[in-house]
Every structure is written in structure tokens, then in C-alpha cells.
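Q: So you can see what is in the structure, the chains are spelled out below.
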Amino acid sequence: MISESVVDLSRLQFAITAFYHFLFVPLTLGLSFILAIMESAYVMTGKQVYQDMVKFWGKLFGINFALGVTTGLTMEFQFGTNWAYYSHYVGDIFGAPLAIEGLMAFFLESTFIGLFFFGWDRLTKVQHLMVTWLVAIGSNMSALWILIANGWMQNPVGAEFNFDTMRMEMMSFSEVIFNPVAQVKFVHTVSAGYVTGAMFVLAISAYYMLKKRDLPFARRSFAIASSFGLASILSVIVLGDESGYEIGEVQKVKLAAIEAEWETHEPPAAFTLFGIPDQENMETDYAIKIPYALGLIATRSVTEEVKGIKDLIAEHEVRIRNGMVAYDLLTQIKAGDRSEATIAEFRSRVDDLGYGLLLKKYVENPVNATEEQIKLAAQNSIPRVAPMFWTFRVMVGLGFIMLVLIGLSFYYSAKGTAERQKYLLRALIIALPAPWIACEMGWFVAEFGRQPWSIGGILPTHLSVSTRSVEDIYMSLAGFIGFYTLLLVAEMYLMIRFARLGPSSLHTGRYHWEQDSNTDSASTSPAQA
Amino acid sequence: MEYELLKIIWWVLIGVLLIGFAVTDGFDMGVGALLKVIGKTDSERRVMMNTIGPHWDGNQVWFITAAGAIFAAWPVVYAVAFSGFYWALLLVLFAMFFRPVGFEYRSKVQDPRWRNAWDWGLTVGGAVPALVFGVAFGNLLLGVPFTLDEFMRSTYTGSFWALLNPFALLCGVISLLMLAMHGGTYLQMRTAGPVHERARRISVLLAVVVAVAFAIGGFWVSQLDGYVIKAASNLGGVTTPLQKSVELQAAGWLENYGRYPWMLIAPLLAFVGLALTALLSMANRGALAFISSSFAVAGIICTAGFSLFPFLMPSSTDPSHSLTMWDVTSSQLTLHIMFWVAMIFVPIILSYTAWGYYKMWGRLTTDFIEDNQYSTY
Chain A
157 MISESVVDLS RLQFAITAFY HFLFVPLTLG LSFILAIMES AYVMTGKQVY QDMVKFWGKL
217 FGINFALGVT TGLTMEFQFG TNWAYYSHYV GDIFGAPLAI EGLMAFFLES TFIGLFFFGW
277 DRLTKVQHLM VTWLVAIGSN MSALWILIAN GWMQNPVGAE FNFDTMRMEM MSFSEVIFNP
337 VAQVKFVHTV SAGYVTGAMF VLAISAYYML KKRDLPFARR SFAIASSFGL ASILSVIVLG
397 DESGYEIGEV QKVKLAAIEA EWETHEPPAA FTLFGIPDQE NMETDYAIKI PYALGLIATR
457 SVTEEVKGIK DLIAEHEVRI RNGMVAYDLL TQIKAGDRSE ATIAEFRSRV DDLGYGLLLK
517 KYVENPVNAT EEQIKLAAQN SIPRVAPMFW TFRVMVGLGF IMLVLIGLSF YYSAKGTAER
577 QKYLLRALII ALPAPWIACE MGWFVAEFGR QPWSIGGILP THLSVSTRSV EDIYMSLAGF
637 IGFYTLLLVA EMYLMIRFAR LGPSSLHTGR YHWEQDSNTD SASTSPAQA
Chain B
295 MEYELLKIIW WVLIGVLLIG FAVTDGFDMG VGALLKVIGK TDSERRVMMN TIGPHWDGNQ
355 VWFITAAGAI FAAWPVVYAV AFSGFYWALL LVLFAMFFRP VGFEYRSKVQ DPRWRNAWDW
415 GLTVGGAVPA LVFGVAFGNL LLGVPFTLDE FMRSTYTGSF WALLNPFALL CGVISLLMLA
475 MHGGTYLQMR TAGPVHERAR RISVLLAVVV AVAFAIGGFW VSQLDGYVIK AASNLGGVTT
535 PLQKSVELQA AGWLENYGRY PWMLIAPLLA FVGLALTALL SMANRGALAF ISSSFAVAGI
595 ICTAGFSLFP FLMPSSTDPS HSLTMWDVTS SQLTLHIMFW VAMIFVPIIL SYTAWGYYKM
655 WGRLTTDFIE DNQYSTY
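Top to bottom, those sequences are chains A and B.
To get our numbering, take the position in the first sequence, counting from 1, and add 156.
To get our numbering, take the position in the second sequence, counting from 1, and add 294.
Excised from the complex, chain B in its bound form (with noise of 0.2 Å):
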């Protein structure tokens, strides 16, 4: 295959790695952030844990693909971003160490003191990574600031406080309340009584305010300058993302949607997906909500993506080191390799998950959590 082609390929992977995290994965985190809110009582955050107990597991193994994936097909985004954001980083992955042993742990002694404190581990476990992955792509929209120099060593010159800008903190923002949102959709198919009747209306609560934040959002970006390429090498070729010029413009960031007006479907998405997962939750539609809330997720992160793309980490600092998805990949054999793996294991992944789903389906009640109180979480 040619390296231009295995290029794209892999930058539509790793999307659907990222957007398989957000959709999976996500559902957990926001059923962590909501542990508190929709729970009340010791049986409630219980049935809320064990919705996703049997799953959190595999879906969390979406995230760490995703970080292999880039290694191994980005190796340079690998070591730019995670040694730039290095704190950010460390607080998601602190943040994720309290999920494990709190789904392990918590239910495993009677004492309410351990209890709440693994909810409130919970809690941090779901709502911090959250929050930060939006914060940073936020940073991404704004430029990150790091050069590369001629041995492809990068040093990054910002502090984890500069991450927390306004934009970069509604995009964070944003990107909580929509997996929290995503958890309530979830927890609507899976629970019943009070524990269903909360997670309804959280989740209508929640896809207005995400749709209002998106909007401004997208206004906000439309103010804000945006990186463009104006001269290049061979994209297909081999090459560095230091053999390129790249200029700020005013409202660079929606080019693309002038250039492929196809790209449009991803806000579209977006916008419609949060509408639809409103009204069927009102409608009490706990499935065809969460439906509509995975679409609206999918949604939301293409429109980052594709608002960024070709770029993945812009450099404020000296744009022409910006990152691009032609610049920074592995060679077109790894690109090769790594191509079949994935399309070999994906849809293995993909049908096991289906049938683990499948077997453990149906609605948890507090009565149940009771009945079986030494074997669930």
C-alpha cells in the first residue's frame, strides 16, 4: 500500500481508536462521575457500579490501545504530548488508579468510612480524566507550546497551569458533562426505579447544556486563529514535521469545512445526536438514547478532529514544527504491519465485547445488589 494512503488510514484509526475509548470507556467514567449525584443510597451507587462492572475492564483496554496505537504509528505525537502534557497525563492516570481498586475493593468490607471513600475515588476516577481530556484537546485548538530541534528532541516550555485556559476549560468542561451525559443514557437501560428515573432526567439536563457549551464552543473557535500549511514536502513521502512552513490565519480551524464540505456531517452529528438523546430520554427510549448520546460522542470528537486535521499537536511556539498526521508517522512498513493487526483483531475485539454484553444484559435492581451482596461489586 502506499505510504500516503497508509497515512490517512491510520489517522482514521486512531480516531476510531480514541472515539471506541470515548463510546466504551466513556459510558464508565460517566456513570463514576454521576456515583454521587444519582446514587443515594449504599444499594443504588452499588447497582450503578455493577451496571458496568462486568465491562469497565475491557473498556479501559480501548484506552491503552489507543495510547500503543500511537506509539507505534505515531511514535513522534508518543513523545511530544505525553512528555509536553506531562502532568495532565500523570493526573489522568493517577486519577484512573483510584477505578480498579475501587471497583475491587469498595463493596469487599462493611465499614462506611472505606466505602465512601472509594466512591469518592470513584467519583475522581470518573469525572478527572473527563475533564482533562477535553482540556487538552482545547490546548490543541490553541497550540501547544514546544519546539523539536535538528535530532527530533523536543522540549515543551509551558506549565500544566497555562493548560487551564477559559477556551481550554469549556472545552473540558464540554467534553465531562458529555461522558457524564453518556453514563446517564447508559444507566437508563441498565437500571430500574429511582436509580432509572434519576439517570433520565440528568441525562435530558445534561444534552441541552453539552448542546449550548458545543455551540459556543464552535463560536469561540471561529474567533480563534488556526494553523495552516504553506508549504510542504512530498506528504506521501518520508519526512519530519521540521520540513514544512505553517502560518497562523484568522478562523484557520474552519477551512476544512469550506475545502470538504462533508466534514460538516460531524457538528451535524453532534447537534442532533444531543437533541435525539433529550427527547428519548424523555420518551423513557433508554437504548435509542444511548444510541443517540454514542453518535453525538462520535460527533463531537470528529469535529475536533476534523477541525485539526491535517494537524494533531500545532506548536505556538514555532508552528512550522507543528505536528501532522503526515509528518510523524512510523515507516511504511510498521504503517503496514500495524494496518493488518488491527484489521485482523479489531472485529475479533469487536464480537467477543458483543457477546460478554449479551450474556451479562438485563436491569439491575437494589433488590438484587442485596440478594447477592458478597458476589457483586
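Isolated chain A (complex conformation) (with noise of 0.2 Å):
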């Protein structure tokens, strides 16, 4: 049998090394657009500003960019080292988006990104803006592929599964590349993403509007970021809510999870704003709810119904006795038994085979699983609901939130009057953190909700990992820990250094700590760099 605490911390070795990419990921796909966008208007007027606003914005995105890059290298691997038999089941279909990642988005991203930086007296004008657009499309191209891999995680359509090499096999290649919640998941992603990048360019440089520095280099910058903000934060709501829809088609219990549904009520079903999850006694205590919003947001009717918990837990046990069978007929398949009969039959249950694999959890053989094993398993079907319940509120709110500062930001930048609202400068700086939180909340709803699954419905988690002991994965995870903890830190020194600085870190002669009358205060404000 696996060992519990293997597949635990292989776990947790995965959230946090993925965690800490999506630190670096959304600020890339934002930025690279807002400097693409910066570049044009510098193309287009010949106005000196915006070149250096590319160059500044530039360099804090190279200082991003180099642990995205560091922490993006672990994730190209890891399905190897620690979800060997998970990489064997599935590579079949999941290899070929990382490859074509590679092949179509990443080499795109990396060629260009080092022109972008060394080429400004290389390149003509527009050839520059040409690879400015180049790295931003590039990047955006990679979050395009590894979304199709993740969206056939969450929604395995277009393959099949072969007992002769005992995996999944890729029946169409259409079908998971135009995977509808990949294609949800990308556009979402994305946005928020762009929201990072807006959010980033707001609060630096609303921080120099209070100090009352470059003032017109912070204007501009402030007005490309809240119009690109206001466009993007729109779209990762809307489009948000289209994520909840498609959940409603194929991932009933993460939605289910999500509102703390536990039982299927008739439709409309309402949207529970607040309350306490007991997974326990599978009731939400001082709960608030809304009505008709919850089957409008995942259904777009009032008369189709939300399945609630208690009969999914129902119906997944149906589909694990189903699938036990399914597993005794593949022993007798692969024992050498290929009669027509047997194949047919085993044919027509392999849909189940996963539920049937839930089973090894809890005994070697899931053909002998006793009745209470069977319920345990049927139970587990379904993530804890509570850390589900509580993140999606928080990124929700969240971004709300964000709409609001976003919102007001272009208001007044377009009033021209943004540098004299001091309490929206300082709540935007405040804010800062917001849509980072936001992401990584996104993500655990994405990926906690698909549990017990590494496969949604295919193959459990539990069997997905390699055969490592503990000690390998305590040594590994700590190794990860204490390495990007120190990179992180550099990073932040490094960011936060350049950021105070502003555009005087490009040594122009144009700016505050380069002006004479600014001298004094230099020396006791960010240093030289």
C-alpha cells in the first residue's frame, strides 16, 4: 500500500512549489501587456517619457521575471519526480500541451526576452516594439497550454483508457485542446493576471504621486494601468462568473463544494453568501443566503437544479461498486482472459475504473473492499468543504474590492485629478497584496476542489505519486522551502529597492534623485544603484 504521509507531502511539496511560481506568473502576463502598451504609445508619439516608462517598468518586470522563470523549471519536472505513475497514466495526453508549451510559448518568451533587455540600440524602433509584443504573446501562449493540460485535470475529455499499456490514451486531440473549461480556465486566468499587472503599476505609482516625485512619469503610467485594469478586472468578473457555469456542466462537486450545497434544493437554487460549513452533520450553520442567484450563476436558468453533496456522495458510491467490478474484470484481462465477453463488459464499466481505483486508499485489492470501506470511500469523493467555502469568498471579495480602487483610479485619471485623492493613493498602495491573495485563492479552489482526483474522475491522487519514501520528500520539500525563501527575499530586496528609486534607477539625468536640489535627501533615501 502507498504511504499516507508520501502522498500527503508530495502534496504539499506541489502547492507550495506551485504556489510560489503563481507568485511571479500573474505579474508577468500583466506587465508584459501594460510595457507592450507603454511601448506602443512611445512608438507612436516619439515622446521620451514613454521609453523610459518602458525601461523602468521593464527592469522591475526583469527582477519578477527571473523567479518566474527559477520556480517555472521545478514545475516542468516535478510531475517526474514525485507523480511518476500519474506521468505514466495520463502523459499520453498531458505531455503533449507542456511540449507544445515549450515548442510554441516559451522559447518565444525566453528568445525575446533577452532582446527586449540588451536590444534598444540593436533594433529599429518597431523591431523593438515588434519583440516587446513578441514577449508579451509569448507568455500569454504559455498560459494558454499549460491551461489545456490543467483543464483536462479538471475535465478529462477526448482520451480513453488501454488496458494493453495500462493507461489513458489521446483519442482526439481537438477535443482537449477546445476542452471548454480549459478554455474558461485560460481567459480567467489570464485576466487576473492583467489585473496583477495593473495593480502593480497603480500602487508604485500612486506611492510617487503621495511623494509627490516624477510626477509626469507617474501620471502616464497611472492612466495606461487604471484603463488596462478597468478593461481587465471587467473581464476576470464576468468571465469568472462563466467559470462558475461551466463548473455547474462538469464539475458539479467542486461547485457544490464551493457553496457549502449539501443538499440538492429545488430550482432556483440560492446563492449562500455567508456561513459556517459543518462537514460533519453536512449542514452550513448562520447561513445568509441569496436567492435564485446561486442556479442563475451555474446553471444560466431557473428551472434546471444544483445537485447538492448528499446525493453526489450517493451517486459516486453507485459508481464505485461499479467501478469495483470494473477493476476485478481488468485483473482478468490482464491475467490473460480476452474473450470478447470480458472485454464488452469491461468496455461498457470502465468508466468507472476510477471510482473503483478510490478504493486502494483503503484496501490492496478494491475487489475486496468491505461495506464500510466502500461508504468511507464515497464520502472522501468530495474535498472539505470549508477551506473551498472560504477561499472563493475571499477571492470574490477580493476582487470587488478591486473593481472599486480600479474603477475609481480611472475616474479620476481620466478627471485628471488622480495625484490629489490621497485616500485612493494609500488604499491603493495597501491594496497591493490584494490580487496576488486573490490568485493564489483562485488556484486552491481550482485544485483543492478537485480532490480526492489528480484526474477528475480517471485516477486518485493517492495513486499518483512516485514510490519515494518520506525522508526523500521531507528533505525535498524542505530544500524547496529554504531556497525560495532566500531567492524570494533577495527578490523583494531587489523590488522594493528599484521601486522606491523609480526612473532615477535609469541613470538618465531626468529625474528626482538625479536633480541637484534632490541631493541631500539622496543620501539618506534609496541608495545608488
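Rather than coming from a laboratory, the hints here were simulated on the basis of the structure.
All values reported here derive from a predicted model rather than from experimental measurement.
For every residue, glycine included, the Cβ atom is placed at its ideal position computed from N, Cα and C.
Be a bit skeptical, because a hint or two may be false.
To be verified - Cut-off 25 Å, straight-line C-alpha distance, at most; resulting in silico cross-link-like pairs (PhoX-like, lysine-lysine):
id: 1; chain 1: A; residue 1: Lys490; chain 2: B; residue 2: Lys524
id: 2; chain 1: A; residue 1: Lys531; chain 2: A; residue 2: Lys408
id: 3; chain 1: A; residue 1: Lys281; chain 2: A; residue 2: Lys211
id: 4; chain 1: A; residue 1: Lys281; chain 2: B; residue 2: Lys524
id: 5; chain 1: A; residue 1: Lys490; chain 2: B; residue 2: Lys538
Unchecked claim - Footprint (simulated), chain A over chain B, 3 or more residues, beta carbon under 8 Å:
id: 6; segment: 328-341
id: 7; segment: 386-392
id: 8; segment: 463-475
id: 9; segment: 563-573
id: 10; segment: 636-648
Using the hints, build the complex out of the two chains.
A: Right under this line is the structure:
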């Protein structure tokens, strides 16, 4: 039997390395487009300040990008190191988008990022602008392919089990690519990245405005970020709703857990705004509900029902029993019984094989599972509800706060009075961590909500791990945490230092700390860099 | 396309990706490994870093893409090798973590301690992966202790320390010195003055040492037991690593050179490439030395790949569980799709990469770095 602690530790390691990686990705996604917009403004107007903006925000982009690349390396290998059985079982489908991501996106992004930083004197204005756009397109394409891979984990379409090779195999590549879950996730994720980029530029520009430094530079940065940000936050919220709808179609369990929807109610279902989910007794205490809202969000109708957790568990129990038979038939086939009847019988039940495999957590051979074990597996076929319920609400709450902040920023920026809105500027600085928290919460909902599966309905997380010892994973986990934290400290140090220094870090002689009148304070404030 | 043909094509394509990685990111790693050997002053080190500054990130994608392609085309290898070589692979990754941050952060702060710390990071980031790749290949030739069960779950029973045996370490040294030499020839093309001069001398020295070590390695392999397939099911069909029988045979790794004499071109290319690297570096023909060095790198990698063919990862615990390029592949459909993706995108990648080098070409000097100290690495 596979050690419980190896599974838990491997999950923890994946979660931590992925969360670290996603501290850097959203800013890359968003800031790269903001840079491309700024540089387009430079090429169209020829104004020096726009080029300075591209170079300065580009410096901060580079500091962030370096750690994105570093932590991204791990992600490409970790399926193999820690999730070897997963890699074997679904590599035929899952590997393809990862390889395509390298060929189509990483090469583009990484080749042109070098020219972006070092090509200013070697390329014409238009060539450099093209390079910047290609960096932005490359990083966004990588998001597309990784979300196609991730979307397939949530909603595994276009694949079938092959008992000769003991794995899932691709049947239709176009189904994998046009997986509705993947498409929605892509739009929602990159839009969240754009919001992150916008909030980053807004908050740092707000800091310069409050300090009354480099105002023309800050004003223009603020204007671009607020308009880009407004379009993006609207897209996140509207298309976030869209992703709720898709979950309603293919991932009923996730939706029910987010809503702590224990019972199936008469349609249209109400949306639980607040409450305290109690998994033990399967009820939500102190619930405040908005009538009709959930039914509308999830099914886009007032007549379709949203299935509750209790009913889902009952459905899963049936599928687990069916999966036990499928597993038994598979064992017969593996033992050499290739009669048409056996194979046909297996094929008719293969869709529930994964549910049979859920029992492997409790018993070596699922066929021998006891009644209690079947009940237990069914109970555990849904994720813990409370963490889902809360993280989702934190994400949505932060989304609406950012909508207000970015909306106000856009309004005052258009009016030309942004730099006088002291409270707004301070609020923007305080809200700087909001997009990162919202992004990480979003990933938590998506991946924790997938449990107990690594591939929804196909392969339990429990079976997916590599055969390694507990000590191995403890040590590598400690190594990752220690190493990443060290690098994160270096990153934050440089980021804060350069953000405080502002465009003076370009050493053009045009900005605040380079003016004679400011040299006194320069010796006490951000050091020369 | 037939399954059998696709399997052969993918063996070639993964080889191309690995060689692409060794030839491009290989010189970045070489420059990293030589950073403190050739670069005596801060400006000299910055010259070295900036010759690869605009390119190292794109080059590193060969490594990432090779991993992705192995996942897509050889999922069994991806699973068995990466989980088995757990610590070796994590060591490579941890060492490589120093590179993106090292390049980007090092020169943003003046403090010599900060810079010196990152210089060590970049040295480790270049040298350690180069060494470990060779050690891994050495262990493939020796056989790796793993088995597969009927559900295709793999179990690796060796330890990390067992990887560091004399033969594998020799392979590691060959790999490290080979990439250092390759970095040396790149620096010859892209630098001037003392850095250029030192790069020239070190390239000559390394080419000679690698040739000697490679010859010793070849002799050593002739004394090892190789793996040979004795019986197998239809290689072109659907098959798993559990459907064949494999035996050990003295000097088995040299069998292929008797069966397919054209394969001798690989070791020949290696030796000729190494000799020319030394001679052309002496004659101060940097660009030609770099090309020779690239051929030498390709020749050495092909020699390892050809010797193992069709094996990829032999099992010393149960030779019949060995992974070969016939029985670890994805389905025919996946191989087919990925073949066309590679056919379309590899030429595009090569053309914009070439454009990037063309635009950034030229020799860097310490004067240039000092004049542009805020906008360079």
C-alpha cells in the first residue's frame, strides 16, 4: 500500500512550489502587456517619457521574471520526480500540451526577452516594439497551453483507457484543446494576471504621486494601468461567472463544495453569501442566502437544479461499486482472459474504473473492499467543504474591492485629478497584495476542489505519487522552501529598492534623485544603484 | 505514418533536442563554470556574463522543452527516470535556480560581497548540471536498479550515492569539461583582450583533456557488460517494457558498431571535432573553433545514444524491464501529432533564434561594460 504521508507530503510540495511559482506568473502576464502598450505609445508619439516608462517598468518586470523562470523549472520536472504514476498513466495526453508550451511559447518569450533588455541600441524602434509584443504574446501563450493541460485534469475529455498499456490514451486532440473548462480557465487566469500587472503599476505610481516625485512619469503610468486594469477586472469578474457556469456543467462537486450546498434544492438554487460549513453533520450554520443567484450563475436558468453534496456522494457510491467490477474485469484481462465477453463487459464499465481505484487508498485489492470502506471512499469523494467555501469568498471579495479601486482610479485619472486623491492613492498601496492573494485563492479553489482526484473521475491523487520514501520528500520539501524563500528575499529586496528609486534608476539624468536640489535627501533615501 | 517509423523518428527528435540543449545552453553552462577561472576582475566577469546575457534564457528552453518532449513522447521514461534519479535531478534544478536570478540580480547591487556570492551561484549553476548530466549517462550505461510492476508502477532501489561510481564520475568529468571547452570557444568569438586570450588557452587544454578522457571512457565501455534484447514482441506494435527478454553480454554496448558501421561516425566526429577545436583555438579562429566544438559535443552525445540503442534506461535489477525506444512511447496518435508540431515549430524557433544572435553579434569589451554599467548584466 502507498504510504499516506508520502501522498500528503508530495501534495504539500506540489502546492508550495506551484504557489511560489504563481507569485511571479500573474505579474509577468499582465506587466508584459502593459509594457507593450507603453512602448506602442512611445513609437506612436515619440515622447521620451514613454520609453523611460518601458525601461523602468521593464526593470521591475525583469526582477520578477527571473524568479518566474526559476520556479517554473521545477514545474516542468515535478510530475516526473514526484508523480511518476500520474506521468505514466496520463502522459500520453498531458505531456503533449507541456511540450507544445515549450515549443510554441517558452522559446518565443525567452528568446525575445533577451532582445527586449539588450536590444535597445541594436534594433530599430519598430523592431523593438515587435520584440516587446512577442514577449507578451509568448507568455500568454504559455498560459494557454498550461491551462489546456490543467483543464484536462479537471475535465478529462478526448481520451480512453487502454488495458494493454495500462494508461489513458489520446483519442481526439481537438477535444483536448477545445475543452470548455480549459478555455474558460485560460481567459479567467490571464485576465487575473492583467489585473495584477495593473494593480502593481497603480500602487507604485500612487507612491510617487503621494511623494510628489516624477509626476509626469507617474501620471502617465497611472493612466495606462487604470484603463488596462478596468478592462481586465471587468473581464475577470464577468468571465469568473462564466467559469462558475462551466463548473456547473462538468464539475458539480466543486460547485457544491464552494457553495456548501449539502442538499439538492428545488430550482433555482440560492447562493450562500455567508455561513459556517459543518462537514460532520453536512449542514451550514448561520447561512445568509441570496435567492435564485446560484441557479442563475451555475445553470443560466431558473428551472435546472444544482445537485447537492449528499446526492453526489450517493451517486459516487454507485459508481464505486461499478468500478469494483471494472477493476475485477481488468484483473481478469491482465491475467490473460481476452474473451470478447470480458472485454465488452469491461468496456461498458470502464468509465467507473477510476471510482474503483478510489478504494486503493483503503484496501490493496478494491474487489475485497468492505461495506465500510465503500462508504468511506464515497464520503471522501468530495473535497473538504470549509476551505473551499472560504477561499472562494476571499477571492471574490478581493475582486470586488479591486473593481472599486481600479474604477475610481480610472475615473480620477480621466478627470486629471488622480494625484490629489490621497485616500485612493493610499488605498491602492495598501491593496497591492490583493491580486496575488486572489490569484492564489483561485488556484486553491481549482486544485483543492479537484480532490480526491488528480485527474477528475479517472485517477485518484493517492495512486499518482512516485515510489519514494517519506524522508526523500521531507528533505526535498525543506530544500524547496529554504531555497525559494532565500531567492524570494533577494527578489523583494531588489524590487523594493528599485521601486523606491523609481525612474532615477535608469541614470538618464532626468528624474528626481538625479536633480541637484534633491541630492541631500538622496544620501538618506534609496541608495545609488 | 507507421508506428514503428514514428518511434524511430522520436528517438531521433529527442536526440536532436538534447544535442540542441548541449550545443546552446551547453556554452552558457561552460561560461558559467569558467566564470571565476577566466574572469579575474568584476568587469571581466561581466563581459563573460553579457556575451550570453541576451541568449541564455532562450537556450535554457531547450532543456525545458526536452523534458516536455520526453513527457509527451516517452512518458514511461519521464516517469521512471525522473522519479528514480530523484536527487540527481533535484540537484540539477537547485543548481540551475542560481542562473536566472544570478544573471538578473548580480550587477544590480554594487556591494562586492553580493556580486561574489552570485558569481559562485553562476559557477555552480553552470558546473553542477554539466557534471550531473554526464553522471546520469554513465549510470545508464551501467544499468539502473529499478523494476516495474504489472500496473507499470516503477520502484527504484538505488541510492543517490551509488550513482557516484568511478565510471559514472568519469562520464561526468567528460561532460563538465566538454561544456567548459564549448563555453571557452564561445568566449573566443564574443570577447577581446585578456578574456579572449585566456579563453583561447583554456579551450586548447580542455579539448586535449576531453579527447583523452573520452578515449579512456570508450575503452572502459568495451570492458562493461552491455544489454541485448533476446526476444521481443512486435516492435512496431503496442508494447510495454514488460514484454521482452533481455540479457547481459560482454562488450554488448559495442555490438551496434558492428551491426551498423555507419554509427562509427559519432565517435569519429567527436575526436575530429576535439582535434579541430584545439588546433583552431591555437590558430585564433574562434568561430571555427566553436563550430568544431559543437560537432564534438554532438559526436560525444551521439556516441552514448548509439551505444545504448535501442535501450534508453536499462534495468540492472531485472534486465527484461529495461526501457527501450520501442516500448516506452506514447500512442501512435500522440506521436503523430507531436511530430507535426515539432516539424512546424522547430524551424520557426531556429530562425528567430538565429535573428537574435545576428542582432546581438559582436565582441564585448570591459570598456563597453563600464560605459553601460546600469543597462547590462
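Q: Hint by hint, which ones does this structure get wrong, listed from lowest number up?
A: 4, 6, 8, 9
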